[in-house]
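Take a look at the letters that make up each chain.
4 protein chains.
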Amino acid sequence: MNNEFTEREARVRESFSRQGFMRYLGARITAFAPGECEIQVSYRDEMTQQHGYFHAGVAAAIADSACGYAAYGLMPATSSVLTVEYKINLVAPAAGDILIARARVVRSGKTLKICAADVFAVKDGKETLCATTLSTIMAMQDRSDMAAKS
Amino acid sequence: MNNEFTEREARVRESFSRQGFMRYLGARITAFAPGECEIQVSYRDEMTQQHGYFHAGVAAAIADSACGYAAYGLMPATSSVLTVEYKINLVAPAAGDILIARARVVRSGKTLKICAADVFAVKDGKETLCATTLSTIMAMQDRSDMAAKS
Amino acid sequence: MNNEFTEREARVRESFSRQGFMRYLGARITAFAPGECEIQVSYRDEMTQQHGYFHAGVAAAIADSACGYAAYGLMPATSSVLTVEYKINLVAPAAGDILIARARVVRSGKTLKICAADVFAVKDGKETLCATTLSTIMAMQDRSDMAAKS
Amino acid sequence: MNNEFTEREARVRESFSRQGFMRYLGARITAFAPGECEIQVSYRDEMTQQHGYFHAGVAAAIADSACGYAAYGLMPATSSVLTVEYKINLVAPAAGDILIARARVVRSGKTLKICAADVFAVKDGKETLCATTLSTIMAMQDRSDMAAKS
Numbered sequence: 001m002n003n004e005f006t007e008r009e010a011r012v013r014e015s016f017s018r019q020g021f022m023r024y025l026g027a028r029i030t031a032f033a034p035g036e037c038e039i040q041v042s043y044r045d046e047m048t049q050q051h052g053y054f055h056a057g058v059a060a061a062i063a064d065s066a067c068g069y070a071a072y073g074l075m076p077a078t079s080s081v082l083t084v085e086y087k088i089n090l091v092a093p094a095a096g097d098i099l100i101a102r103a104r105v106v107r108s109g110k111t112l113k114i115c116a117a118d119v120f121a122v123k124d125g126k127e128t129l130c131a132t133t134l135s136t137i138m139a140m141q142d143r144s145d146m147a148a149k150s
Numbered sequence: 001m002n003n004e005f006t007e008r009e010a011r012v013r014e015s016f017s018r019q020g021f022m023r024y025l026g027a028r029i030t031a032f033a034p035g036e037c038e039i040q041v042s043y044r045d046e047m048t049q050q051h052g053y054f055h056a057g058v059a060a061a062i063a064d065s066a067c068g069y070a071a072y073g074l075m076p077a078t079s080s081v082l083t084v085e086y087k088i089n090l091v092a093p094a095a096g097d098i099l100i101a102r103a104r105v106v107r108s109g110k111t112l113k114i115c116a117a118d119v120f121a122v123k124d125g126k127e128t129l130c131a132t133t134l135s136t137i138m139a140m141q142d143r144s145d146m147a148a149k150s
Numbered sequence: 001m002n003n004e005f006t007e008r009e010a011r012v013r014e015s016f017s018r019q020g021f022m023r024y025l026g027a028r029i030t031a032f033a034p035g036e037c038e039i040q041v042s043y044r045d046e047m048t049q050q051h052g053y054f055h056a057g058v059a060a061a062i063a064d065s066a067c068g069y070a071a072y073g074l075m076p077a078t079s080s081v082l083t084v085e086y087k088i089n090l091v092a093p094a095a096g097d098i099l100i101a102r103a104r105v106v107r108s109g110k111t112l113k114i115c116a117a118d119v120f121a122v123k124d125g126k127e128t129l130c131a132t133t134l135s136t137i138m139a140m141q142d143r144s145d146m147a148a149k150s
Numbered sequence: 001m002n003n004e005f006t007e008r009e010a011r012v013r014e015s016f017s018r019q020g021f022m023r024y025l026g027a028r029i030t031a032f033a034p035g036e037c038e039i040q041v042s043y044r045d046e047m048t049q050q051h052g053y054f055h056a057g058v059a060a061a062i063a064d065s066a067c068g069y070a071a072y073g074l075m076p077a078t079s080s081v082l083t084v085e086y087k088i089n090l091v092a093p094a095a096g097d098i099l100i101a102r103a104r105v106v107r108s109g110k111t112l113k114i115c116a117a118d119v120f121a122v123k124d125g126k127e128t129l130c131a132t133t134l135s136t137i138m139a140m141q142d143r144s145d146m147a148a149k150s
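Chains as they are written, first to last, in my numbering: chain A, 1 to 150; chain B, 1 to 150; chain C, 1 to 150; chain D, 1 to 150.
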């Protein structure tokens, strides 16, 4: 692991730690590399939709954050990261103890990064795909992510 | 307000009350009619992204629930409601004290309902559009929403 | 109609005339204002899917071009226009003699314009909504649309 | 190659041959297996956007048809196929002699199939990813694709 990698991961984790919503969900970054990010959240009643599965909003939120930080890991330290849009398909009930979002950058332009994430529910150690997303992430140049804090 | 309307609203509110995640967000249904639903959530640190605005995940979650219940209000009592997919564009920072998602059914087929929602941030009494969504909601026939609870 | 409006419409129509694909479809701009654009195409066997309706590809193509030119009408003459992404919901069979895409800019940022379009099939003078789209259009600064031609 | 495979491919190719729009584009199915489909189209002036590249509408149309037929290959002969919606990200200029859409079914439910397609432009024998899509395809039960023709 070289210094540049270390700087990028530190920057991503510092930004993530400022997301009050991720903390409220109990979400944590469980894997990171520039262009890749994995976020997990554990099951509790506070995470559910009306049938007792993980709420689609939880799956979407961790997939979105994972895409944002996968992309941010490819941006210069002088920029901040912004989700322009995403689409999510919910392909199976999110039934399990843990929800895992794995994101990767599909195409890295200077201003825009196109990312994809898969979300898996883990039950009895078995992963089931429950959602898949495709998203557009923007690099705001010359405005560091910390400075952007209101 | 006729009996059928009352039955539909009661059914929507009962289903909403079973969403642990909506309760955890402090979200509430502030307006309802068959084919329309409005959901609000108040600002707190637990709702934020890294710059202190509402997290996109909060906007997406209440927009998704609002679309689902707008659609569910047009479904028979014997069916349950499921989000197939949605797309969200985040068009401005969600800066404000309250976030409002207003959803409407654009096209109501028997199995699929196509819905759209706009999300507004309210600051000093002024609404600003911060997100817009387009979604596909499915009616699961012959499986009431309550019975579907795991 | 003032001079600036005239310049914008002329620029949009000139760019549209360079789209070989739109010409091949027989598509024409039937209404324009900065931030708004309408494109129509007539029915023929060459426009069909396997059941004899307009192919979704035709609806998507004219909706995309209409969104692009609605957005381009709000950009400076020194920029060129690019579709980043769009989503389309096909809500009814596109059965009719004419297909009309009506696009509008929902939110106009400097770099990105968020647009929506509705597509209607006209049969016996009656319009039916058959598709709706939500899209992200980008302004490429300091690179005029004509100069961008390869 | 067994009989069932042969029947499915024949059914897909027969349906494709009824799409007047695909024929007009000069599109052809270049690879097929149940759950997978590849469609190609060659460059000509009639396929272009204003800068001389393949029009996004061409990329979207062949990606959509490829997804539809990838899904249809997993449906019973008594059903017909319908695109509910898709999202496309255009990630690079589609510059080349040939455009190739490769689609696969990501998740196959009874009523809905979730599909993804990548579109590549081939120039001097080298493939470049120019678009990626995520789509929802529906099986219309008890209504064969041929009978559905109007």
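Calculated from the structure, these hints are not laboratory results. Misleading hints may appear alongside valid ones.
Using 25 Å as the maximum straight-line C-alpha spacing, the simulated DMTMM-like pairs for lysine to aspartate or glutamate come out as follows [unchecked claim]:
id: 1; chain 1: A; residue 1: K110; chain 2: D; residue 2: D118
id: 2; chain 1: D; residue 1: K110; chain 2: D; residue 2: D142
id: 3; chain 1: A; residue 1: K110; chain 2: D; residue 2: E127
id: 4; chain 1: B; residue 1: K110; chain 2: B; residue 2: E4
id: 5; chain 1: C; residue 1: K110; chain 2: C; residue 2: D45
id: 6; chain 1: B; residue 1: K110; chain 2: B; residue 2: E38
id: 7; chain 1: B; residue 1: K126; chain 2: B; residue 2: E36
id: 8; chain 1: A; residue 1: K126; chain 2: A; residue 2: E14
id: 9; chain 1: B; residue 1: K110; chain 2: C; residue 2: D45
id: 10; chain 1: C; residue 1: K110; chain 2: B; residue 2: E36
id: 11; chain 1: D; residue 1: K110; chain 2: A; residue 2: E127
id: 12; chain 1: C; residue 1: K110; chain 2: A; residue 2: D142
id: 13; chain 1: A; residue 1: K110; chain 2: A; residue 2: E46
id: 14; chain 1: C; residue 1: K123; chain 2: C; residue 2: E4
id: 15; chain 1: C; residue 1: K110; chain 2: B; residue 2: E127
id: 16; chain 1: B; residue 1: K110; chain 2: D; residue 2: D142
id: 17; chain 1: A; residue 1: K126; chain 2: A; residue 2: E4
id: 18; chain 1: D; residue 1: K110; chain 2: A; residue 2: E14
id: 19; chain 1: A; residue 1: K123; chain 2: A; residue 2: D97
id: 20; chain 1: A; residue 1: K126; chain 2: A; residue 2: E9
id: 21; chain 1: D; residue 1: K110; chain 2: B; residue 2: E127
id: 22; chain 1: D; residue 1: K110; chain 2: D; residue 2: E46
id: 23; chain 1: A; residue 1: K123; chain 2: A; residue 2: E38
id: 24; chain 1: B; residue 1: K110; chain 2: C; residue 2: E4
id: 25; chain 1: D; residue 1: K126; chain 2: D; residue 2: E7
id: 26; chain 1: A; residue 1: K110; chain 2: C; residue 2: D118
id: 27; chain 1: C; residue 1: K126; chain 2: C; residue 2: E4
id: 28; chain 1: A; residue 1: K123; chain 2: A; residue 2: E46
The model shown is predicted, which means the values in this text are computed figures rather than measured ones.
Structure-based check of each hint:
1. Restraint check for K110(A) and D118(D): satisfied, since their Cα atoms lie roughly 21 Å apart, inside the 25 Å limit.
2. A C-alpha spacing of about 13 Å is found between K110(D) and D142(D), which places the hinted pair at or below 25 Å, so the restraint holds.
3. For the given pair, K110(A) sits about 21 Å from E127(D) by alpha-carbon distance, which is consistent with the 25 Å threshold.
4. Restraint check: the Cα-Cα separation between K110(B) and E4(B) comes to about 18 Å, which is no more than 25 Å; the hinted pair holds.
5. The hinted pair formed by K110(C) and D45(C) fails the criterion: a straight-line CA distance of about 41 Å is larger than 25 Å.
6. Between K110(B) and E38(B), the direct Cα distance comes to roughly 23 Å. Compliance with the 25 Å bound is thereby established for this hinted pair.
7. For the hint pairing K126(B) with E36(B), the CA-to-CA distance comes to about 22 Å; that is within 25 Å, so the pair holds.
8. Annotation: proposed proximity of K126(A) to E14(A) is violated, straight-line Cα distance about 31 Å (limit 25 Å).
9. Using a Cα cut-off of 25 Å, the hinted pair K110(B) and D45(C) is violated, with the two alpha carbons roughly 30 Å apart.
10. Simply put, K110(C) and E36(B) have alpha-carbon atoms about 33 Å apart, too far for the 25 Å limit, and the pair is violated.
11. With a C-alpha separation of about 21 Å, the suggested pairing of K110(D) with E127(A) holds against the 25 Å cut-off.
12. Distance hint between K110(C) and D142(A) is fulfilled; the C-alpha atoms sit about 16 Å from each other, no more than 25 Å.
13. A hinted pair counts as satisfied when its Cα atoms are at most 25 Å apart, and K110(A) with E46(A) does not qualify at roughly 38 Å.
14. Between K123(C) and E4(C) the alpha-carbon distance is near 36 Å, which puts this suggested pair outside the 25 Å criterion.
15. Taken as a hint, the K110(C) and E127(B) pair is honoured in the structure, with Cα atoms around 21 Å apart against an allowance of 25 Å.
16. With a C-alpha separation of about 16 Å, the suggested pair K110(B) and D142(D) falls inside the 25 Å cut-off, and the hint holds.
17. Restraint check: the Cα-Cα separation between K126(A) and E4(A) comes to about 35 Å, which exceeds 25 Å; the hinted pair is violated.
18. A hinted pair counts as satisfied when its Cα atoms are at most 25 Å apart, and K110(D) with E14(A) does not qualify at roughly 44 Å.
19. Distance restraint check for K123(A) and D97(A): the Cα-Cα separation of roughly 6 Å lies within the 25 Å cut-off, and the hinted pair is therefore satisfied.
20. Taking the CA atoms of K126(A) and E9(A), the gap is near 28 Å; set against the 25 Å cutoff, the hint is violated.
21. Between K110(D) and E127(B) the alpha-carbon distance is near 42 Å, which puts this suggested pair outside the 25 Å criterion.
22. For the hint linking K110(D) to E46(D), the alpha-carbon distance of about 38 Å lies beyond 25 Å, and the restraint is violated.
23. In summary, the hint linking K123(A) to E38(A) is supported, as the alpha carbons are separated by about 18 Å, within the 25 Å threshold.
24. Annotation: proposed proximity of K110(B) to E4(C) is violated, straight-line Cα distance about 48 Å (limit 25 Å).
25. Among the hinted pairs, K126(D) with E7(D) is inconsistent with the structure: their alpha-carbon atoms are about 34 Å apart, more than 25 Å.
26. With a C-alpha separation of about 32 Å, the suggested pairing of K110(A) with D118(C) is violated against the 25 Å cut-off.
27. A distance of roughly 35 Å separates the Cα atoms of K126(C) and E4(C); the hinted pair therefore is violated under the 25 Å criterion.
28. Between K123(A) and E46(A) the alpha-carbon distance is near 18 Å, which keeps this suggested pair within the 25 Å criterion.
In this structure, the earlier hints numbered 5, 8, 9, 10, 13, 14, 17, 18, 20, 21, 22, 24, 25, 26 and 27 are contradicted, and the remaining ones agree with it.
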